[in-house]
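Construct all of the structure, not just a fragment, from the sequences and the given hints.
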Amino acid sequence: MAGKKYREAAAQIDRLHQYPYAEGIQLAKKTNVAKFDATVEACFFLNVDPRQADQNIRGAMTLPNGTGKTKRVLVITQGAKVEEAKAAGADWVGGADKIEEIQHGWMEFDIIVATPDMMGQLGKLGRLLGPRGLMPNPKTGTVTMDVTHAVQEIKKGQIEYRVDRDGNLNVPIGKVSFTDEALAENFKAVYDQLNRVKPAAVKGTYMKSITVATTMGPGVKVVVE
1 MAGKKYREAA AQIDRLHQYP YAEGIQLAKK TNVAKFDATV EACFFLNVDP
51 RQADQNIRGA MTLPNGTGKT KRVLVITQGA KVEEAKAAGA DWVGGADKIE
101 EIQHGWMEFD IIVATPDMMG QLGKLGRLLG PRGLMPNPKT GTVTMDVTHA
151 VQEIKKGQIE YRVDRDGNLN VPIGKVSFTD EALAENFKAV YDQLNRVKPA
201 AVKGTYMKSI TVATTMGPGV KVVVE
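Read in the working numbering, the sequence shown has 103 at position 103, and its numbers run on one by one without any break.
Think of the hints as simulated: they come from the structure by calculation, not from any bench. Check each hint, because a few of them may be wrong.
Now the in silico label distances, taken between C-beta atoms and shown as ranges [claimed, not checked]:
| id | residue 1 | residue 2 | range |
| --- | --- | --- | --- |
| 1 | Arg-127 | Phe-36 | 27 to 35 Å |
| 2 | Met-107 | Val-202 | 32 to 40 Å |
| 3 | Thr-205 | Gln-78 | 44 to 52 Å |
| 4 | Ala-80 | Arg-165 | 38 to 46 Å |
| 5 | Val-202 | Ser-177 | 44 to 52 Å |
| 6 | Thr-148 | Glu-100 | 22 to 30 Å |
| 7 | Tyr-206 | Phe-36 | 29 to 37 Å |
For clarity, every value in this text was computed on a predicted model and none was experimentally measured. Ideal Cβ placement from N, Cα and C applies to all residues, glycine included.
Dropping the structure here:
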């Protein structure tokens, strides 16, 4: 059963109405019930069939105003790329030594960037990293020889997006402490990116519904006009 604060917040939202996205973001912030600086998320319900390879939408992008959270980056590489990764600002850098640490339970990182030559060794951790969404992937730019660019983009506020098996795609667009304008700009950037990667096979309405909400707050249906 929802708490009193949540019910009071939800009562301020017309659940049958689709708000212009900038107005919806303001309402989501207003109805935030958390006492901490909650994350603001956007949820897109897409008319796609993720079982089809060409409709399994996945990628990465950098939000114009960042996410409000600095990710801890681990780079798995070797040779000259070790110093390059350190200079780029990676929190941890290593090769077989770091892979072994992960095998023994070390998980003090949020994202892994790996050079292609290390994927053979890293692949044996698939069962451990895969379910956590931590396995590097070329589609999200985390398997690359350009570790400088990858690390810098992540530190600037890069997010990964991926549609689930039901067609839902959830992404953070910032924090409640962000200005309304910064959140709206981040939201629009995600919206535009998803339209850019719209599968050619999609017929009819692509985005069935869009909702914005804070971590513990009620959802607000929005529309881009």
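Evaluated hints:
no.: 1; hint: Arg-127 x Phe-36: 27 to 35 Å; in the structure: holds (33 Å)
no.: 2; hint: Met-107 x Val-202: 32 to 40 Å; in the structure: holds (37 Å)
no.: 3; hint: Thr-205 x Gln-78: 44 to 52 Å; in the structure: holds (48 Å)
no.: 4; hint: Ala-80 x Arg-165: 38 to 46 Å; in the structure: holds (41 Å)
no.: 5; hint: Val-202 x Ser-177: 44 to 52 Å; in the structure: violated (36 Å)
no.: 6; hint: Thr-148 x Glu-100: 22 to 30 Å; in the structure: holds (25 Å)
no.: 7; hint: Tyr-206 x Phe-36: 29 to 37 Å; in the structure: holds (34 Å)
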